[in-house]
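Work the whole structure out from these sequences, hints included.
Here is how the chains run, residue by residue.
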Amino acid sequence: MASKDTTFLGWPVLRQLASGDFLGRGTSVTSRRTRHVEARTTTADRVVQSVCPYCAVGCGQRVFVKDEKVVQIEGDPDSPVSRGRLCPKGAASEQLVNSPSRQTHVLYRAPRAKEFQRIELDQAIDMVADRFLEARQHGWQEFDDKGRRLRRTMGIASLGGATLDNEENYLIKKLFTAAGAIQIENQARI
Amino acid sequence: MTTSAFDSYRPPDEGGRRRRRPSLRDNVSGAARSMARGSSGWLTGDGGGRREAQAVPDVEFSSYYGRSVVKPMPWKHEIPAYLFIGGVAAGSGLLGTGAAATGLDVLRRRSRLTAMAAVAVSGGLLVSDLGRPERFLNMLRTVKLTSPMSVGTWIFSGYSAFTGVTTAAELARMLPQRSSGPVGTVLRLLDAVETPAGVGQALFAAPLAAYTSVLLSDTATPLWFESRRHLPFVFVGSAALAASGVQMVLSPVAQAGPARRLALLGVASDLVAMHRLESQLEEDGVREPMETGHAGRMLRTAKALIVAGGLGTVLAGRSRAVAVVAGAALATGSALTRFAIVDAGIESAKDPKYTVEPQKARLEQRRAQGTVDDSIVTVR
Amino acid sequence: MSYLQRQLGGRTDPAQDAGWQDAPGRKGFFTDTSICIGCKACEVACKEWNAIPLDGLALSANSYDNTGDLGASTWRHVAFVEQDADRIAAARESGRRLVELGMPGVGAPAQAATQGGAPAGYGVLPAPVEDHGPSLGDMLTETRAFEDRSPEDGASHGTTVDGTPMVGALPEFRWLMASDVCKHCTHAGCLDVCPTGALFRSEHGTVVVQADICNGCGYCVGACPFGVIERRSDASTTVRGDGHVPNIGIAQKCTLCYDRLQHDQTPACAQTCPTTSIRFGDRDDMVEAARARVSQLHEQGFTEARLYGANDDDGVGGTGSVFLLLDEPEVYGLPPDPVCATSRLPEMFRTAGYAGLGMLGAAAVAFLGGRS
Amino acid sequence: MANADCIIIEGSNMAECHPVGFQWVSEAKARGARVIHIDPRFTRTSAIADTHVPIRAGSDVVLLGALINHVLSNDLYFRDYVVAYTNAATLVNEDFVDTEDLDGVFSGYDPQTGKYDMSSWAYAEGDGNGGDGNGGDGDGKVEEPGGGDEHGSEKSDRAAPHSHGAAGAPMEHANVVRDETLQHPRSVFQILKRHYARYTPEMVNDLCGIPVHQFHEIAKAIAENSGRERTTCFAYALGWTQHSLGAQFIRTAAILQLLMGNMGRPGGGIMALRGHASIQGSTDIPTLFNLLPGYLPMPMVGQHDTLEEYLTSISSPRQKGFWTEADAYTASLLKAWWGDAATAENDFCFDYLPRLSGAHGTYQSTMAMIDDEVDGFFVLGQNPAVGSAHGKMQRDALSHLKWLVVRDFQLIETATFWRDGPEVASGETSPEEIDTEVFFFPAANHVEKSGTFTQTQRMLQWHHQAIRPADDVQSELDFFHELGVRIRERLKDSTDERDRPLLDLTWDYPTDEHGEVDAEAVLREINGYHVTGERAGEVLDKFVDMRADGSTAGGCWIYTGVFAGGINRSKNRVPGQQQDDVAPEWGWAWPMNRRVLYNRASADPQGRPWSERKKYVWWDEEQRKWVGKDVPDFPIDRDPSFRPDPDAGGPAAIAGDDPFIMQADGKGWLFAPKGMVDGPLPTHYEAQESPVSNSLYTQQSNPSRLIYARKDNLWSPSGTQPGSDVYPFVFTTYRLTEHHTAGGMSRWLPYLSELQPEMFCEVSPQLAQERGLVNGDWATIISARSAIEARVLVTDRVRPLTINGHTVHQIGLPYHWGVGKDAVVEGDGANDLLGVVLDPNVQIQESKVGSCDIRPGRRPRGEELPRLVAEYQSRAGTTVETGTEHANPVPEDIRRRRAATLTSDESEGGSS
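The listed protein sequences correspond, in order, to chains A, B, C and D. Just so it is clear: in the first sequence, position 48 is 158 by the working numbering, and no numbers are missing. Just so it is clear: in the second sequence, position 172 is 173 by the working numbering, and no numbers are missing. Just so it is clear: in the third sequence, position 335 is 508 by the working numbering, and no numbers are missing. Just so it is clear: in the fourth sequence, position 633 is 637 by the working numbering, and no numbers are missing.
What the hints contain is simulated information worked out from the structure, not anything from laboratory work. Quick caveat, the model's predicted, so the values are computed rather than measured.
Partial selection, computed: residues in chain A whose CB lies under 10 Å from chain B:
1. 121
2. 122
3. 123
4. 126
5. 127
6. 133
7. 135
8. 138
9. 139
Derived Cβ-Cβ restraints for the label pairs, each shown as a range:
10. C:455 <-> A:211: 39 to 45 Å
11. A:221 <-> D:808: 51 to 57 Å
12. D:583 <-> C:273: 47 to 53 Å
13. C:273 <-> B:230: 30 to 36 Å
14. B:230 <-> C:458: 39 to 45 Å
15. B:375 <-> D:806: 49 to 55 Å
16. B:125 <-> A:211: 38 to 44 Å
17. A:229 <-> D:885: 45 to 51 Å
18. B:78 <-> C:417: 27 to 33 Å
19. C:406 <-> D:434: 37 to 43 Å
All C-beta atoms, glycine included, are put in the ideal place defined by N, C-alpha and C.
Have a look at this one:
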């Protein structure tokens, strides 16, 4: 076939005459690319079941992966919750995942600096760990004014969780509570 | 229009880094805005209350925020320019072959060279108008009888081939002396094919002049589609008078007699056909774009030039100067006609009124005649 | 009827006309605007699947429609129309008139009058995906079985198709939403006029652009009676990191997800539609579903409902995408009586032929007349 | 929801915010259900509903109260259900005095603190019970646990929901006095009837702007679609919760639904429509200050000093239901966290838990930041600079921090506030003046990590990792695990006692070859496992297997069972087509995979389905157990005729006809004797900012709302106060289908941005005419806090309402946009207009309604902007005090009557 496409015999005018498509509106004018069209849902290396990350309806998603890249995300027809359907946000999930403006590096802004700078992830976590302990210490309250035990720190607060996994919320709550930090909040209260 | 004194505080470039829709959209929302001030409401989306000059009485017109229903052709000046120059090419080919047949050497040579030049320019115009000019050869990928452009491409190609031969023959004739060897062989071959090529050129010239009208009419552009019965006659007339006008300018008065006669016939055809065309459009309610605005001005000028050119042509047999002026007037008139018709067509596509009103009218008409089974809208 | 005429107008199987043997059956959409919630998921799913660039970032102030119309970079477009009571009454009346004109219509069964109902909104067509939920028949039976509401006092609200009093109050206001798409006409102007064969009729009966062939002549743009196809301008904005905008200068429109269809997958828009306002399937089934739905609405007194594109005798031979509308087509930006210009092509070529002969004749006269 | 016969969507724009969930409404509608949408604006939901009823934002209690009054006075309620399954027949303490008699406050109100002593709201206790020695002085009054040595207001603190878990309002006993004829004047039924007697259709007309005929249309629809054969469903969202009496809005609907017999039945109930993928999960396993996992409360100082005090406060052993097992849940949680260190001897390290001393919600934290009390702040997938009320205050708070960690996909406005914030643009501050260190960490998204989301109907669904995150991108799981590891590493040699909780923490999660934490291992810990015994190491199959002796561990008792049999059931994916409507084989719903809570109520007291049509769960006499389409939410083998020993407590005390098994008395609460700090019955108050006066009472606003009188949190005068005409219009904020909350997941996406590219405001044609606003042009909206600009959409979808004879204009404002430079689209944030005033029950801010002015043109730039806001403030004469009084002045006799309800309690309870 390939050779036919590139030779005189592949000239659609001849195919027009040879086929039933005399007016050149169908079979005779297709290009090689058209004849071998593939859907990326078919050529994906694997399909992974997921859940839409936007609202709390919990619509099922199918994530198509090719060469370790997400190439398509669409509704999962098996889901009894959503029956394969997605709203505009859910339908835009692929763009959420592959957004060109997405940040993939740690950025640090020093006090009074006018711009961000890139720092290493490892260094950044170390810096946060140091500051965490310092703030914990700084805001520590062992007792209240009546002498009752509080055993907590007011130096650290956190906001977020409604878009996170249960497992993540669990670790956050566990770590913060153990550290004595109580000001943990999420979107549920906004 | 805003009324806040604070507007000046917002830097003008703010938000400007985003790409905005082209002005078409701004105009439309402007229309919607003006509706908001009116009494009957921004929510009806009734096309800005265009109720003046109701061409089709008793048909209430509404639209989707005044947006066009059909898309205007994305063509720019290349296409009307091609319509004109292609017409010149076609007419010149006819004149050339006629002159060859009647032994008017100067007219023959100049017509053929004009045809060649016009063909070359036309080709350039056609290619440059493409969204992907590098793919112009794809035009020869198929022969599509349903596509006036495909048919036209083949006509143009054929015409170009014959024009190439006749031009080569003319050039050969200009060579200082006949030589032998391969060059001589070629020249002899040219001699042999010149006359058949001239005939071919003439035979392809007429379709080349006429097909462009079908090119326009075979579209959803309301004004062009409704012009379909008369536009071919306008276009062949226009081609004839334009090519003749060019030869009146280029060729000596003595040899340009046929050109003058052809010009007069062209003028007659153009004017009569244009008159009938306008009546037809009037009836269909899409004449307005031809009368108003830029297109209207061009068309009025074109008519004046053609009439004047025609009168001049009558007198042009006596004076080269008059011939030049008359010929130029005719050619210009033809060019303006083409630009006006293209322009008016595009305007008619932009305004939903010209799409919706004629369609509603013809639907009503068919219904009045008892034909109710051919509507796109059904209740079952 | 000549070969050409048969190919250019009237009822036909377009895939067969285009040389497809053993075509898998014509596919199409049925877009039921009465249950559209205007969420625009179809627009996004379409753009995401087809990697279409951005179509501008300006607020139109035309209700919630900020994409304007179908075009090179919007292949599904949701229209929003806000209407007051007068317009609703007019729509209901114009629909009633269609019936009275003698167009094939449905008489309302006797129980329709007592079927209490929905005054403002439109009953929802149960359109479950295969094997999901109950069938239409079951639902209608169930609806009737449990429908024991007494009729509302609706004497002043006009009458249904057969003259029985309306069951519900005319709402004071309504907000129409409709997802528009390429019609995939039986006789497609864009396809017919394409000089390169870039546009072709697929085996599914759909009309598809081959971006690797199109040279951007733009002819199809003006040939579409629905204003669907458009050439992508170089002013388009990328949605990709590399700044690349695909297919600049090339005509673009809905392919009815030709690539997905090749693998028996549902087009992206229909798959995502949360309310099944967009349904996809064999075109015959779509037309049948559309007819059932319009009958249902008429029975309930919603005479404003009408179908668009379901008639194979119309100017484009019927459309692959069938719509249920609740007002005149032009209200949604659709042409009321579209015609595929090519159906007049033989006539046009004939006229042009006469003109050409006239020109030859004139030339002959010009040369020979001078001699005499 | 698809089974409902009538769906009332109120306070939610369901079709826009939950289009896919809306398919069930569509399906119900196809079956013939009536859909009524009650909302200030005509939205995309209204477009599909049968009827749209415009309502003045914030007046929902009037409408719902009038519906309650309507069904009570016309005997339209479902009597069999009400008598058997609700507390209608229960008698209330005779000290209880209703708002009707105190001009807008309930008994026990302390005008000094703005708080209630709730003791007078309790049930009357019957005589001749076993006697628990706790209170019981003959009049049936029930005392608080822990003795009566406190001030009423402190008691109120204690009973505030932030000090007890969700359904865990405890009661001392299950021994209540009931009058099943519902005639006793102190019966809940009669109290309810009296309370809502003045909520008439005319009142609805005057206060909500809903014409009388439309009220009757709604009433008729509900009445006709409730009862044995039919059910009505309510759906709400933030339109209800985001009010200064938001929790009471929901309560009102719950009362109506209980009266109509629509709870615990298919097609009934009240659906909360939640906006985030795991917002349910993040309250179940809470990133909330007041809760521990599974709705166990965070301990409160002074009340929960010991484990015993803590457990007693959660549930009296003599009350009914599963909360009596809280000791097992608590012990298992503590074992899960502190492993071997947690022993019965040390109360399972109960002391390791930090103590609350009040509310520490996000707005309190914000104000603490401004007061420089908070050094560091983690922002995880949220955008408070745009999404939280009073954006200006939020950004000010951020600039007071020492350091800020933002974890997100994109450079959201919260991460760039110091550079691109509106205050930088207006010159009020500059990067050079902001000391905050900002760490931006790129976060992994849902396809780059595995884990569970809990959706709005409590169902956990596992999402599988599809690809590995790029570069520095990390999941929260990995980040916080790593942070924990490093913190523990730094402290490993510490001898400080305060570091023990961190050092003893179980923190050894397995990682894969890329060093990523195995989320499944975490879920397994959450599910719980046997620590000792013959099944040691095996997972728990159900929460009733949890023990209080330390032999089990489990991070969140309600999630126990998700790993039953060692299988991760959140991964269940049997296609819906292969299951029935309930689809139990898809994901896993807590508790114990039940899809409809309290579904015992779908059968009559004898255990028979109320009707064939609404059959769901019923008693099978032959099998001697409850069967049906769902997992019965009831002890499986409890005979409907079973009556417990009066002295019994816990699950054993649940009678065969007590469907509400998590409530202390097994009944649905029409009247809340505990649990609501602002009143046992919902009553109408105007919003914090309202252009109208409360027609029902002298009391204008919720007297116990949480007010913060600060000069950065001013309020416009309300009602007839002078200056209220400076901000004459009501604005309401909302979301659009095309965007997601503060925009972090939508404004960076071109496909969504182009669908709604600019901030706009929606106004009626009448208001447009009045103020010279032009469709598509700009307008400036000014509140007492800030001014923003927006493009104008003039539309009939917004209608002026006639309230008390005056025209009230409403302005609609979507809140998705924020000021920054990184997003595809940006614009002013509607939340900047809001102030901070909170619902006292749940600390949620009032962001659905406020007062404003609107004028054509763009807002001023630079320092002109604060000047404009100040000019309005001065014209309105607003000060820090405006709108911050808890109780409005009342006549002397009322004041005395109110005081009597308070002092009588103090005298009885004694004062310290």
